[in-house]
Structure formats: C-alpha cells, structure tokens
Amino acid sequence: MSILGNRVLRREDPKFLTVGGTYVADLALPGSVHVTFVRSSMAHARVVSVDSTNAQAMAGVLAVYTNDDLGMAKFPTVMGMTNEAMAPPMLASGTVRYVGEPIAVIVAESREIAEDALEQVVVEYDPLKVVIDPVKARTDEDLLFPDAGTNTSFSLDFGGDETLFDDCDVVVELALVNQRVAPCPLEVRSAAARMAEDGRLEFNSSTQAPHGVRDALATFLGLEPDQVHVVTPDVGGGFGAKAMVYPEDIVVGWCAQKLGRPVRWTETRSESMLGLGHGRAQVQHVRIGGTREGVVQAYRIEVLQDSGAYAGFGTVLPFMTRVMTSGPYKIPKAECASVSVVTNSTPTTAYRGAGRPEATAAIERIMDVFAREIDMDPAELRRRNLIGKDDFPYTTPTETVYDVGDYHRALDLALEVAGYDDLRAEQARRRATGDLRQLGIGLSCYVEITNGLPDGEFGAVEVRPDGKVIVRTGTSPHGQGHVTAWSMLVAEQLGVAIDDIEVVHGDTDIVPRGAGTMGSRSLQIGGAAVNQAAVDVVEKAKDLAADLLEADREDIVLNKANGHFHVVGTPAVSRSWAELAETAAKDGNPLFAEVDLASPGPTFPFGTHISVVEVDTETGKVNLLRHIAVDDAGRIISPLLAEGQVHGGIAQGVAQALLEEVVYDLEGNPLTSTLADYSFISAAELPSYETRFTETPTPVNALGAKGIGESGTIGSTPAVHNAVCDAVAHLGVRHIDMPTTPIRVWNAINDAATGDGSAKGGR
Amino acid sequence: MRIDITVNGTPESHDVEARTLLVYYLRDAVGLTGTNVGCDTTSCGACTVLLNGQSVKSCTVLAAQVAGDEVTTIEGMALEDGRMHPIQQAFQECHGLQCGYCTPGMVMAIASLLAENPEPTEEYIRLGLEGNLCRCTGYHNIVAAALAAGGAPEMHQ
Amino acid sequence: MIPASFDYVRVGSADEAIGLLSEHGEGAKLLAGGHSLLPLMKLRLAQPALLVDIGPLRELSYVTEEKDYLAVGALTRHHDIATSALTLSSVPLLAHVAGQIGDPQVRHRGTIGGSICHGDPASDLPAVLLALGATFVARGPNGQREIDAKDFFVSFFEVALTPDELLVEIRVPWPRDALWGFEKLTKRAQDWAIVGAVAVRSGNSVGVGLINMGPVPLRSSAVEAAVLSGANAAEAAQFAAGGTEPSADFNGSVAYRQHVARVLVRRALEKAGV
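Residue numbers (the numbering used here), protein chains in the order written: chain A, 2 to 764; chain B, 348 to 504; chain C, 208 to 481.
Here chain A stands alone, though its shape is the one from the complex:
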C-alpha cells in the first residue's frame, strides 16, 4: 500500500514541541558581538551628517560604520528588468528614501549596549518632498531619483486594442486598491556570521534561499562562492519576504570579515515592520464587458505597482499579475498593462502569492460587479464563463498555457458544501426584515501559477551501509514540512521506513545547489528531484543486486513491503538495502544518486472559495462566519501538509480582506510599525474552515502534483471581499476597498444612504 496520500504526522514536530526550534537567534556563538542599525526617521531627506562620536565613545561599542566605510556596489537590477538608477545601496548613501532605511551600523559587545548606543547617534537631515501616493508618484512631479528623471521603475504594456470592448452589450469598470500589507513571519530577520578557522565566512541566515544568500555574500564581499558557507537553521516563516537577500545580511557578513569577531543581528519587530519587504501594493483599474446573458467577452486590467523606495522584487510583481490576467475564465480578449513607480515607503517584495492574488482579486471583484449589473447570480455568471475541463491545455489571451483543470467541479462542490441556496434564502430574509446584521456571501473562482520561474532543483538520495537513507534537497523549508513529505516520497520508492530517512536541507556545504523555497515550487520541482533521485538509486541498487544474486538485472525486483531485492518469483533469497549499500561502499562507489532536475514548466492549481460574513450595519464591523475552500493542487502527496498550507493561506487572505494594511501618513511616517498598530489577524477573528480537495493530476510532472502553498491566500481574499460588499449591496453600495474595516464599511453604507452610490468607503 502506498504511503503517499496518507495522513502521516510530521517528523519535525517533537523537537519544536519539547525544546523549541533552533532559530538563528538561538545559536550559541561564543565571543559574538551584536549589530544594530541606525534607521532613518524621515521618509525623504538628504543626510547632512551622521554624528556617532558619543556612541563610539561608549564602553562596549566597537564601531559605527556608514555606507562610505563599506565601499560596496549597489544591488543589481531585478532580472535585468528594473530601472538601474533605483537599485538599493547597502546603507543609505547621501539620501534617505523611506522611514526605516538603514543609515549606519553599530557593533557592540551586547544587545543592550547596541540599543543604548542607538540613542546616541545623531543624524541631521535636510528634508525633501515626500512622495507617498503611487498615483502622485507617476506624475513625476517630485522625483526620488532625480538622475533617473522619472519615478517609473518598470513597465509592461501589451495589447492596447482600442476595439477590445466594441462587441460588448454591457461594460463595467472599477478602480480598486490592492493594499500594501506586511508579511509578518513570526521570526523576524536574523543573521549570525563568523570567520571560520579555515578562513571561510560561515553565515547563519533566516532565509528561504540559502544558496542565493551565499552567492550574494560572495559577490559583495569579494569572495568565491566556495569561501562562503551558509546555513539555515530552523526558519520561523518567510512567506516570500525572506526569499531575497537584504542589505543588512551583507553588512553583517562584512562586519564579521572586518572585525574578525563573530557577529549576530536580530532585528526588532518594530524594525521588521519597516525593513522587511511589504507585499501587494497595487492600484488597479479594471474593465469588463459582455452580454446581458452573462457571457464575458473582454477584460482589461491596468496596474499601478508601488515599488516602495527602491526597485526590488516588488517592482516586477505585475509580471505575474499579467500572467494570470483572465483567471479561470474563457474570455476571448484580455489585456494587462502596468507601470511600477517608486515612493517614499518600504520597498515591496514577494508576499504569499506575489502578483497572482492581485490578479485574482481584480477579476473576481469585477465579476461580482458585472453580475449585479446584469442581475445574475454571481455563481451562475462564473459557471457560464469558466474554462471547461475539455479545453485543456488552454492558452489565455495573455499567452499563458494552463495545464489541466476541472473548474466547474470545484465550483459545484463549494456551492454544495456551503449550502448556497439556503444561504441566499437567509440573506433574503434578513434583507426583507431590515436586520441590523446583514449576511454577505462571496465567491472566488481562482486559478494560479506555481513553479512559475524557470529554475530547476537539486535532489540526492544516498543509502548507507547501516541502512539509513540520507536525502539532500535544494529547497529550503521554513514550516512546510519537507522532512516529512520528502521522506514519504523516498519511502515510497525505496520501501524503507520513513524513520530510517534523514532529510538534509539548508546547508550550502552539504547541499551543493538549490533555488530554495518560494512560489509554491517545492514539491513539484524539489520533491520531484528527490523522487527522481530515489528512482535512480533503486536502479543502481538493482545492478548491485543482480551481481550479488547472480541473476539477470531484468529479473530483479524490489519488494517495497520490506525493502529487499530479490529475483522475480524467489523472494526467499534477497538482499537488503543495507547489504547492497555495504557492498557498494566496499567497491568504493557509494549507493548514491543525485539529480539536477530541469523545470518541466509551471502548473496551475485552481479552486473555488466561498465566504459568509455578517456585517453590523450600524458600526460597519464585519464578522466572518464561515469560509469554505475547495482547492485542487493535482495529486495530494500529504493531505496533512496540504490542508495546513490551505489553512494558513486562508488566514492571511482573510486578513487582507478584513483587517491588515500598512498605513503611512502624508509625510511618509508609518502608522502601523508595531503589532499593536498593525492588525495581524488572530484566532479570535477567524472561524474554523471547511476545506475540501478535488484532485486533477497534472501531466507536467511525474508526481502529478501542483503547488499548494499560496492557493489559500489567492482564493480566500476575493471571496471574503466579495462577501462584505455583497452584505451591503442592497443598501446601494457598489464597492468597498480592502481592508473592509468598520470605518470603511460604515462610510460606504453612509455614503450610499446619503446618495453617493459610487462611494468606495475611504477613510
């Protein structure tokens, strides 16, 4: 019987539950000094001077460095696509462009002294005009980088077909904001560096991509990659925001090199809220057209992406938005155009979904507006336009090729689980009685892309003479459970117990290559690489077994029930994995296989989420009553882990719809820089979820699996958002921007009541 598809408990758990994980800040590093960063308190200013005289005079302060001391190049452009003039420096160079930007680094004997010294560094600023609104930034009236002559950091424009909507009976438009949010992994950024006895730089990092950190350190510090050893111990969440290398990482490595002392850095949460990249941050304008019978014929989305102060990964998010422009619908004509601009705010980056949730949020919201316009049930409108299961592979108008799906099945199952008709009846009852607590029902049909970047992945399997199996993987988990899932894959191929399998990740000396864990890629490319290595090692073992059993290789079979090889028909005479490994070791040729699996291309998970909310129409407060998620990620290897990924994704998606937003005032001062101010969602705001999977295996990889890491976030946000708007639609509210906080919902209701039906419910 296959172990795959079974509810196998996580092998990782006992350690976390009994003594806690080992995160970077937990590592013993004898003799280490502590680093902290002097950060800008102004959003846009010329730095006149940095006076660290008093700080340097403090007992226990080793040094205070600025960018001039580092003498390092700026970061490169992102994939060659972003404006070169807007690349971030290591530390602010002459000008600060967001509150929280690192200006100087303090090295001290203890964390306490470093924090004390921070108060003694005086930065003199000459304020510059602050640009915080991306719409304003686009006018180029005030520039962040005068040398660039523009605030535009990246743009995409395909199509521009002026006849796009010519055949449509009905055309509706919507301007909406996909607000800036903070990823908030529970563990903030942290690094620890030391020069090892052999002269190499040993660098512990809380990252999703250890090899990327290694290569960046080598580049900036003038070392060869093999002179840098990066280790990721346990990582307390990443969500995309730890996929990239940050200036602070490089500076920590530089300090260890410069001072010859072990150096450690762990930011505070207040720093993290400003320094860790933010997500989303798009202003969107969408237009949809079709017939009164509910056939959608054309769709166009224009995206204004906020890069934040420098052109980092967030700048190119619209690329992924464009890939998913038309969502799960068969729309003959669809276009996406985008412009990214810099503003005086924290640079944006990948955050769970990274460009795809923005695409889904836009089309799902306007599908509801369109349904209302033609007076059709939103579920029915979706059903009429979903791509049919016989249409795959399906090429979208923006030239994305969807692999496989059964979108109608997911929609029907979600409606059934929700009890959709009963919900609509209850809603009608409350509307008729003018209940102060109105019910809202929201749908979201989504399709997204996983393993969307072209990287391949490394995997290796080695069987040792003691029968233990060592698996090495280039992906780098931070909560996803790779140890358990990869063990299942290898156990399945080798017929060994998962407890005999050790999975090694996140050490660049032991794992030579790896792209890391992001973009929901791990199982379908990292797991697939490990799976292939396991297949290969079985083939090698068959060669050995054929020799030992003096039989034809073609007659050797592996009995997966006990992990023994025998000649077909004579199971009594067999060789175990341990025996074969021992033989191999004696031959000086360990029983080992490694694979660099090239990417076979992306896959496209899909599903339908339905959300039920109750809105207090007197205060605007929203209460999420139910959330139903039907997701299809192809073949499910570990239902336990897949469901956990969906759960976490839902919470983050709900949080964006209802609560979370990074807010700046007009001077660029952050108003949400602590977890007391930023509305990080808690258990008290959420119900238990109703989740189901349908399984439509993908032909793209041998496992039949698609990614599941981001679907929950992508599917849930529009469902909840639509539910809130639906709850008050009968009051004349057309749209409310996210997050649908009490004030916004109430403003929308109030504006509708006072005659301004187009109200968006701004603050």
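Hints may contain errors.
[As the list claims (entries may be wrong)] Quick look at which bits of chain B chain A covers, simulated, 3 or more residues with Cβ under 8 Å: (1) 401-411; (2) 439-450.
[Unchecked claim] Which chain B residues stay away from chain C? Per the calculated CB distances, all over 10 Å, these: (3) Glu364; (4) Ala365; (5) Val377; (6) Ala414; (7) Gly423; (8) Asp428; (9) Gly429; (10) Arg430; (11) Met431; (12) Ala456; (13) Ser459; (14) Glu463; (15) Glu466; (16) Thr468; (17) Gly475; (18) Asn479.
What the hints contain is simulated information worked out from the structure, not anything from laboratory work.
Beta carbons are placed, not taken as given, at the ideal position from N, Cα and C, and that holds for glycine.
Fit chains B and C to the given chain A structure using the hints.
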C-alpha cells in the same frame, strides 16, 4: 543584581542587570531558548511562559519582578517519563504547528487556558488565544489541538 | 527591545514605596504589573531613573464586600477580579470588563490600579468606574485621601495623584438591583476600543461612561439626564456624542466615532433595561 527563579523545577540563580526581561533571563542566563521573542509590544505571545502556573508574556515581565517565583517553559512541559504532554501530543496529532516559532508560546497559553477551564468550547479557546499570533497555521489546527487536549484523559487526572 | 538602565527597588511596604517616591520625585515610577509601563520603557518612550516595584505588596490584592461598596485592592490583577466569586455576584459588570482587558496573559499580570493610574482614555476600566461612581483611595506621606472618580482623570494620560502618592483601593458602589450593558467596538479582540460605552441603571440612578471619546474617559451626563427624564434608549443615546472630542485616526474619523458612540450607548442602555 542576583536573581533567583525556579525554572522548570530547577532553582536558577544568575547575575543580571535590573532591566533584564524574563524572556532574556530564560534565554541568555538559563540557556533555555525554546521561548521566543516575536514582537516588542506585548502583542504576539511567542514568549508566553507559565508564572506560578498562569500564562504571562515573558517579554513584559522583569526577571527581578518574579524573583523567588516558579516559571515553566516549553522545555518543562514533557511528562516525567519523557513522553510529550497531552497538549504537545495534540499539536502533533492535529498538525498544529508549521514553522514552530509561535508554538512554545501557544502550548503554554493553552496549558493555562485548560487549567482554568478543562472542558473548553471553541469560542473559549479562540478568545483565549487572542494574544498569541501565528502566521502559518491559520489557527484552525491549533484550536483543534487545544480542544483535543481539553478532551484528553490525561488532562483530567 | 530593551529598556534603558534604571535602578530597581522591590519594596516591602506601602510606606517604603511612598518614602522612595517622596525622595526621588518625578524620576521614580511605581511598577505594579508592569503592563502599562514596561511596554513604554521597551520602546524607550519612558526612561525612569528608579523603578519602585510594589508587586510584593500582596496585602493590596483583594476583593472584599463592605457595607456600601465593593472594595478592590489596587494591586488586584484583572484575572483575579474577573474570576472573583464576590465580584461576579455583586458587581458582575466589573468582572465582565476586567475579563475583556488585553488578553489572558495580560490579565494575569496587569492590575486594576496600574490600569487606572496610567490614565489611558482608550482603556476600559476608567470609564466603567466613572459610570459606577467609584471612589479611589490614595495614600501619601501625609496619610490617606479619597478621590471621586470624576475628579481623578485630569487630562491625557494624567491622573490626580501627586508624584509621591500610591493608589491603594478602589471602592465601587453597587445597588443590588442594577442592570448594565457594556459595548465596545474593536477591529481585533486584543485591540483597544475604537469606541466603547457602558451603562448602569438601578432604580432612579443611571451611569453612562464612554471609552476613547476624548483625552480622558468620560461620563455622559446628558444621556443620563435624558434617561432620568424618561427618554428611551434610542432617544437618550442621541445625546451621547455631545461634548466629546475623540481623536481621528485610520480606525475612525471624529464623525464616525461620534456615530458609533451613539450606537453603542443605545445598545448598552437597552441591555441596562432602559
């Protein structure tokens, strides 16, 4: 100043600054790193420990304030025979953890909630965890684990 | 984040604490549960030279029933108030509100005295004690004095204690037949109220308090007067925003907060049987 605190049943005595927060006393002086720091505003609950049996956020307590008291951390939760505590077991059974960072605080918070109400409802657990943030699990399985542990026979002995 | 350095004294008596406060003046701060002060110190928004830890004064942690009032020691923790059988039976409103402050961990440490002396207009207890007509007992170098709740909250984060005084007891009058309602609007369970309202009614008396509707916690005498002159909850609640000066932030404009105050006061009054 010298601060004596009984941690997981073991008397500890360390010289620390008066400003030392309990969480750093535990992590740096005692060397128990299971208790994590997740914020600076008493919001996230990652640093939750039991103080004389009740949950507290150890980032908002001075070590000096609890001199002479008894503190229990995640490292002190396993049963004497080495088996995991029913709450710890329930977390594994229910997949109540992913990255693990919030987990020690969650386990300790739930221990306190169940001590005060051994037969909890879902609402009691959800409201009781309002001060413990998790970014990975969506809380679903944490709540399930707490309810399962609440029903575990060992919890009622 | 770590507080700046300070001197620390753990006192053995209230008099010792008062003596230290007299000696050190403004540079000294009392530390009770620490859940108002320590967060400010970690952010270095407060940097006292001396912390006088009154935590050991367990004699100031009690709930007792006196002839005309419930007496609550200033060092009684929120959790202990919320779960005290005496509070639950005699002043269930106080138990209810204490049981909603912060989160369980905060309630295990935070004290009623600390919460009141912090003088935060967004915190729940001050408005509730105002509506209940509580009296605060302070002790200083020259002995003890009683301060009416309506005179206690002077201005934004400022209360009517001199720097050398220690709050020792809160006296909460409680007619047996009282009905009450407590309503607060928050974004998240653990947040401070965007707006909160409390109403207590018994026989011919009514008390209405407002949370986060100005620089200090408020008692709404206009609403009370309307109720006493026979108005129903909806009618009386129309006066709730009068004289309020709420701040505006991204959680609510002035107009929104005033609207919500009217809604919540109406709901609280309805629960209080008006």
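Hint check:
For a cut-off of 8 Å, the count of residues in the region 401-411 of chain B with a CB near a CB of chain A stands at 0, and the three-residue condition is violated. With 10 residues having a Cβ less than 8 Å from any Cβ of chain A, the region 439-450 of chain B passes the three-residue criterion, so the hint holds. Not every C-beta of chain C lies more than 10 Å from that of B:Glu364, the closest at about 7 Å, which undercuts listing it as non-interface. A beta-carbon of chain C is positioned within 10 Å of the beta-carbon of B:Ala365; the least distance is around 4 Å.
Distance check on B:Val377: its Cβ is at least 17 Å (rounded) from any Cβ of chain C, clearing the 10 Å threshold; non-interface status holds. With 10 Å as the threshold on Cβ separation, the claim that B:Ala414 sits away from chain C is violated: the shortest Cβ distance comes to roughly 8 Å. The claim that B:Gly423 lies off the interface holds: its Cβ sits roughly 17 Å from the closest Cβ of chain C, which is beyond the 10 Å cut-off. Its beta-carbon lying about 29 Å from the closest one in chain C, B:Asp428 satisfies the requirement of being farther than 10 Å from that chain.
The Cβ of B:Gly429 lies farther than 10 Å from every Cβ of chain C, with a closest approach of about 28 Å, so its non-interface assignment holds. Once the 10 Å rule is applied to beta carbons, B:Arg430 is consistent with being away from chain C; the minimum gap is 27 Å. Every CB of chain C is more than 10 Å from the CB of B:Met431 (nearest about 23 Å), matching its label as outside the interface. With 10 Å as the threshold on Cβ separation, the claim that B:Ala456 sits away from chain C is violated: the shortest Cβ distance comes to roughly 7 Å.
A beta-carbon of chain C is positioned within 10 Å of the beta-carbon of B:Ser459; the least distance is around 7 Å. With a minimum CB-CB distance of about 8 Å to chain C, B:Glu463 fails to clear the 10 Å threshold, and the non-interface call is violated. Listed as a non-interface residue, B:Glu466 keeps its Cβ farther than 10 Å from every Cβ of chain C; the least gap is roughly 16 Å. Distance to chain C confirms B:Thr468 as a non-interface residue, since its nearest Cβ pair spans about 15 Å, more than 10 Å.
A Cβ of chain C approaches the Cβ of B:Gly475 within 10 Å, the least distance being about 6 Å, so the stated non-interface status is violated. The claim that B:Asn479 lies off the interface is violated: its Cβ sits roughly 8 Å from the closest Cβ of chain C, which falls inside the 10 Å cut-off.
In terms of the numbered hints stated before, the structure departs from hints 1, 3, 4, 6, 12, 13, 14, 17, 18, listed from lowest to highest.
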